[in-house]
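Can you make the complete structure from the sequences, with help from the hints?
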Amino acid sequence: MVNLQKRYPNGFEAVPGLDLHINDGEFLVLVGPSGCGKSTVLRMVAGLEDISDGDMLIDDVRVNEMGPQQRDIAMVFQSYALYPNMTVAENIAFAMKLRKIDKETISAKVAEVAELLELTAVLDRKPGQLSGGQRQRVAMGRAIVRQPKLFLMDEPLSNLDAKLRVQTRAEISKLQRRLGVTTMYVTHDQVEAMTMGDRVAVLRRGILMQCASPAELYDTPDNLFVAQFIGSPSMNVVTGTVAEAANGGISLAVAGQTINLSGEAAQRLAGLGGRTGSPIAVGIRPEALGGDGDQHLDVSVDLVEMLGSELLVHATVAAPSVRSTDDGVEIGGGSESTIIAKLDPRHRVKAGDRLSLSVDTLRLHAFDMETGAAIGRA
Amino acid sequence: MIGLFDVGGRGLLIAIVGLGVAALLAAAWLVPAVMRALPVRMQPQASTLARLGAGATVWGVSAMAWIVLGGGRSSVSKIVTTLYYVTNGIVALAALFGILYLIASLFPEPFREWFRTAAFLLPAVLLLFGLVVPAILNVSDSFYDRNDEWYGFGNYVDIFTKDANIKVFSNTLWWGIIVTIASTVMGITIARFADRMRGEAVAKAAIFLPTAISMVGAGVIWNFVYSPREYGLLNSILPGDPEFFLQDSSLFGITSPWLPGKNTLFIMIVVIWIQAGFSTVVISAALKGVPDDLVEAAKIDGATDRQAFYKVVLPYIKSTIITVATTTVLAVLKIFDIIQTMGKGGSFGTSTIANEMYEQGFPQDNEGLGAAWAVMLFLLVLPIVFVNSRNQRAQREGR
Amino acid sequence: MADKTPMGTRVAGATTGPVGRVIVWFLAALWTVPTLGLFISSFRPEDDIKTDGWWNWFKNPARVTWDNYSGVLDNKVNGLQFSEFFWNSVRIAIPSAIIPIVIAAFAAYALSWMHFRGRDWLFVVIVGLMVVPLQMTLIPLLQFFGGDYFPDALEGVTTIWIAHAIFGMPLAIFLLRNFIAGLPGEIIEAARVDGASHLTIFTRLVLPLSVPAIASLGIFQFLWVWNDLLVAKVFGGGATNQPMTFAMVDMVGNKGNEWQLLTAGAFVMMVVPLIVFLSLQRYFVRGLLAGSVKG
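Residue numbers (the numbering used here), protein chains in the order written: chain A, 68 to 445; chain B, 36 to 434; chain C, 5 to 299.
It is worth saying that the hints were derived from the structure and are not from the lab.
Yeah, the Cβ is synthetic: ideal placement off N, Cα and C, and Gly gets one too.
Keep in mind that the hints are not guaranteed to be accurate.
Claimed, not checked - Some chain C residues judged to face chain B by a derived CB distance under 10 Å, without partners named: (1) Lys54; (2) Phe90; (3) Asn92; (4) Ile98; (5) Gln139; (6) Trp230; (7) Leu234; (8) Lys237.
Said to hold, decoys possible - Computed Cβ-Cβ distance ranges for the label pairs, DEER-style: (9) A:Asp191 - B:Val52: 34 to 42 Å; (10) A:Ser119 - C:Val131: 26 to 34 Å; (11) C:Ile279 - A:Glu238: 49 to 57 Å; (12) B:Asp183 - C:Ala33: 52 to 60 Å.
Listed below in structure tokens is the structure:
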């Protein structure tokens with residue numbers, strides 16, 4: 068079991084404090100916008116950066132003072148960091164050579180890893196003669212040949228082109244499951260995070276915003292930041308007011324229109340009960356618009372993007388948008404904002420139309436205007 | 036010990052080298068076998084030992100060969116002696132770092148890292164004391180006269196009041212100005228016109244070749260140009276009586292301590308000949324780093340070739356040119372060898388500060404004045420290095 | 005660096021018009037003439053050298069001889085054969101090129117990739133020492149080497165090595181640090197994660213990757229030492245430890261009229277630098293550019 072706890076105020080407070088716990092064999096993804104401290108966290112785990120305060124434990128052993136070579140970890144770097152003066156085989160064998168493992172074992176293991184990663188043909192080449200995808204696989208091979216306690220990967224796919232990235236993404240996931248090595252993976256790409264991770268930890272300015280399974284992260288984000296960071300196109304969030312519905316239930320006033328919450332939807336957002344009359348941020352994902360739902364939102368269409376499998380409708384609503392910023396919540400200027408709806412491509416919509424979009428109230432989200440925290444069940 | 040067995044040395048040499056090779060071959064076969072027999076924990080130490088042993092064997096063979104043959108007059112013995120000296124130097128160096136690192140590794144963990152860092156740095160820092168301490172001593176030396184009596188600022192007063200010394204000082208300044216400008220301009224000219232020309236590499240190699248030639252060699256080479264005798268090329272081209280180019284200390288008849296003599300100018304030509312290659316190569320490479328679209332954009336905006344070069348390309352490589360000029364001026368201000376050979380040790384008013392430092396410090400036995408000259412040179416060079424480091428910082432930040 | 009720019013047909017390339025080409029070839033020829041003169045003279049008989057210009061050789065190209073070369077190699081300077089000075093030069097130049105660079109490479113690695121307090125300050129001080137003219141240190145150093153603290157057995161060639169190492173140190177550290185600090189940090193970190201110690205990283209990764217910088221600096225240092233007169237003259241003691249430059253200057257002084265010997269001698273002295281230089285020119289140029297050209 069890997070057990071991590073960290074708190075430390077360093078010069079810039081890059082990571083003011085972080086408590087994370089990784090289970091044995093788990094694939095944990097650290098995700099966040101650039102500069103959120105995710106790479107710093109990874110480098111501290113690796114022992115490449117000093118831990119200014121707090122404890123870091125691997126298998127219940129405190130490793131703060133250990134150098135990277137003593138921690139029994141392997142790391143895949145963003146630039147792959149292959150040793151340019153060594154062949155592929157030498158690159159993969161380097162760590163074992165340093166551990167004075169005998170030659171037969173080394174060559175057997177190198178051959179095995181090369182087989183696994185389809186590198187057998189290029190074992191004698193230098194990194195400079197390889198394609199981007201091959202280099203990436205050598206970097207992987209160098210890590211897995213060690214059979215370490217922990218894999219660390221720092222944006223290992225960011226130097227690949229889009230197609231190769233999708234393919235390699237799946238390969239890494241499969242490989243990790245097969246080897247069962249605990250893995251910590253850093254990325255800024257939320258798609259990578261969602262598709263690869265057993266659990267995903269979302270970081271902002273060194274603070275853990277939420278750590279949960281991808282589905283949980285998507286369906287029940289803890290706060291506005293996670294809600295808007297996860298998902299593409301991102302969640303639409305506009306200002307609204309909590310009101311009491313005619314039948315005594317809860318309703319939301321959004322852009323001068325009323326959305327009534329009934330039954331299950333009202334229960335999901337029961338926390339709104341005590342907030343009658345106060346402003347909140349109302350969020351809804353693009354795919355929860357224009358499908359099922361008995362409530363409606365009138366909008367005027369600005370732009371239609373036909374993607375083949377779906378139709379993205381950019382439309383104006385008469386309510387300012389709400390965005391999560393680095394230090395809280397920001398309300399957009401003006402009295403209007405643009406929301407995006409993901410519709411079935413068979414819809415006939417064109418710019419300039421007025422449209423009444425159905426709203427799936429079961430998939431509505433509500434956030435506090437001050438803190439951005441999600442308002443859920445009471 | 037030298038030349039102990041001069042007779043039959045060659046046979047002995049072959050025997051010794053043969054033995055050494057045999058020992059190494061045997062070891063190459065034996066060591067892995069022993070290694071495998073050892074427990075895994077001891078293998079690293081054993082392999083280090085084996086490597087040290089191999090090094091010691093090679094060294095021992097060369098040492099024995101030297102004892103047998105060194106100091107002899109045959110060319111074999113000269114080569115052996117040379118080899119012995121060279122291997123000695125390298126073995127000593129390797130041993131130095133090996134021992135330092137081993138010592139550092141003996142310390143317990145929190146200090147070990149610190150001591151290892153020290154092991155990496157120590158030899159360099161020790162050598163650098165060889166610059167720091169003398170530089171400080173030198174300053175104090177400069178306050179004494181030729182009889183080692185306290186002289187205060189007397190040496191410095193002499194430098195700025197005696198005509199012969201003013202000449203030395205002004206000569207050095209002229210050297211710095213003329214040679215630096217001339218070789219940089221040469222570099223820019225050749226680099227510009229040769230760029231992507233057919234035969235560019237050949238032309239640039241021709242310009243670069245003198246860089247490898249020593250000032251002493253250059254003195255001999257240029258004698259065939261400047262000599263007043265029949266074999267002097269320049270006199271054979273110029274009409275009239277043969278001239279003594281290197282002895283005319285006036286500048287077209289004017290003699291002043293503030294002006295360089297004609298002979299100094301002719302020696303400068305030799306140094307420009309040596310230095311231009313360096314400027315050419317560096318500037319040429321910088322030119323190739325200028326993005327094509329920059330020049331193309333200037334052309335589309337209506338610039339001529341000339342304008343594009345002077346208004347766009349030159350400003351772009353400005354920092355390179357400053358670096359080249361700085362490097363050249365630093366080398367030129369310390370000019371010494373060529374004054375010794377072509378200027379006959381600074382006679383006929385050709386002396387420069389660096390030459391004077393030597394002449395006063397050694398042949399003239401006036402260490403105080405020599406030291407004062409050294410301080411003057413230091414003060415001259417200081418602002419140049421300062422400006423250059425600012426330039427480099429600006430360049431870094433401009434990236 | 006410059007060589008990353010793709011070589012396309014460039015509009016600027018058109019600047020080499022006929023005038024430019026004439027200028028370049030004229031200068032190239034002008035630069036070659038003095039060396040050519042020496043080369044031709046060194047093969048002419050003594051009388052020819054002394055009585056008419058080397059350019060007249062073209063009128064009668066059959067008059068060539070090896071005598072000058074055999075003459076100079078047998079010639080005695082301070083009672084020693086000229087060839088001894090050649091070996092002295094080798095003996096001085098090779099370790100004097102290797103020692104400072106190895107020491108500087110270790111220091112440059114420490115200054116780039118080892119963490120200790122005052123690292124940047126130390127580097128600034130070292131760069132500042134480039135300003136100290138070597139002439140300034142001659143007398144004090146000579147006193148140190150001659151003094152009681154320094155073992156007498158090491159005087160001679162070893163003193164010259166140490167002196168050259170001292171004088172070459174600031175520039176070597178400066179250039180090598182710039183290069184080594186520029187190596188990708190992730191590679192060094194990857195090696196640390198793989199379990200490599202600093203010594204391993206240095207010998208297995210940093211040294212092999214720094215070959216261009218080390219080679220160019222080595223050539224530079226070698227040329228400088230080989231062509232040096234001053235340091236050897238001051239620190240070498242007697243003629244037995246002196247390099248060829250010393251012998252040449254001595255010959256110029258004492259046998260100033262024996263041009264047949266001086267030409268051949270000068271050419272012998274040039275051969276080694278020329279070979280080193282021409283065979284390693286690529287490295288040399290690349291090394292000169294490191295840090296000096298905006299890239």
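Item to check | Interface hint compliance - Trp230 (chain C) to chain B, C-beta minimum distance less than 10 Å | outcome: 7 Å, holds
Next on the checklist: Given a cut of 10 Å on the nearest C-beta pair, is the interface hint for Lys237 (chain C) held or broken against chain B?
Outcome noted: 9 Å, holds
Checklist entry - Was the hint right that Ile98 (chain C) lines chain B, CB cutoff 10 Å? => result OK, holds: Ile98 (chain C) within 10 Å of chain B, min 5 Å.
Checklist entry - Going by Cβ atoms only, is Phe90 (chain C) closer than 10 Å to chain B? => result Holds. Min distance 9 Å.
Checklist entry - Regarding Asp183 (chain B) and Ala33 (chain C), is the given constraint of 52 to 60 Å on their beta-carbon distance met? => result 54 Å, holds
Checklist entry - Measuring from the C-beta of Gln139 (chain C) to each C-beta in chain B, is the shortest one below 10 Å? => result 4 Å, holds
Item to check | Supplied distance hint 34 to 42 Å, evaluated on CB atoms of Asp191 (chain A) and Val52 (chain B) | outcome: 35 Å, holds
Checklist entry - Per the hint of 49 to 57 Å, is the separation of the Cβ atoms of Ile279 (chain C) and Glu238 (chain A) within bounds? => result Since Ile279 (chain C) and Glu238 (chain A) have Cβ atoms about 53 Å apart, the given range 49 to 57 Å holds.
Item to check | Evaluation of the interface hint that places Asn92 (chain C) against chain B, nearest CB under 10 Å | outcome: Nearest chain B Cβ about 8 Å off; hint holds.
Next on the checklist: For the restraint on Lys54 (chain C), tell me whether the closest CB of chain B is nearer than 10 Å.
Outcome noted: Holds: closest Cβ of chain B sits about 7 Å from Lys54 (chain C), inside 10 Å.
Next on the checklist: Min Cβ distance, Leu234 (chain C) to chain B: is it shorter than 10 Å?
Outcome noted: Nearest chain B Cβ about 6 Å off; hint holds.
Checklist entry - How does the Cβ-Cβ distance of Ser119 (chain A) and Val131 (chain C) compare with 26 to 34 Å: does it lie in that range? => result 31 Å, holds
Of the numbered hints stated above, none is contradicted by the structure.
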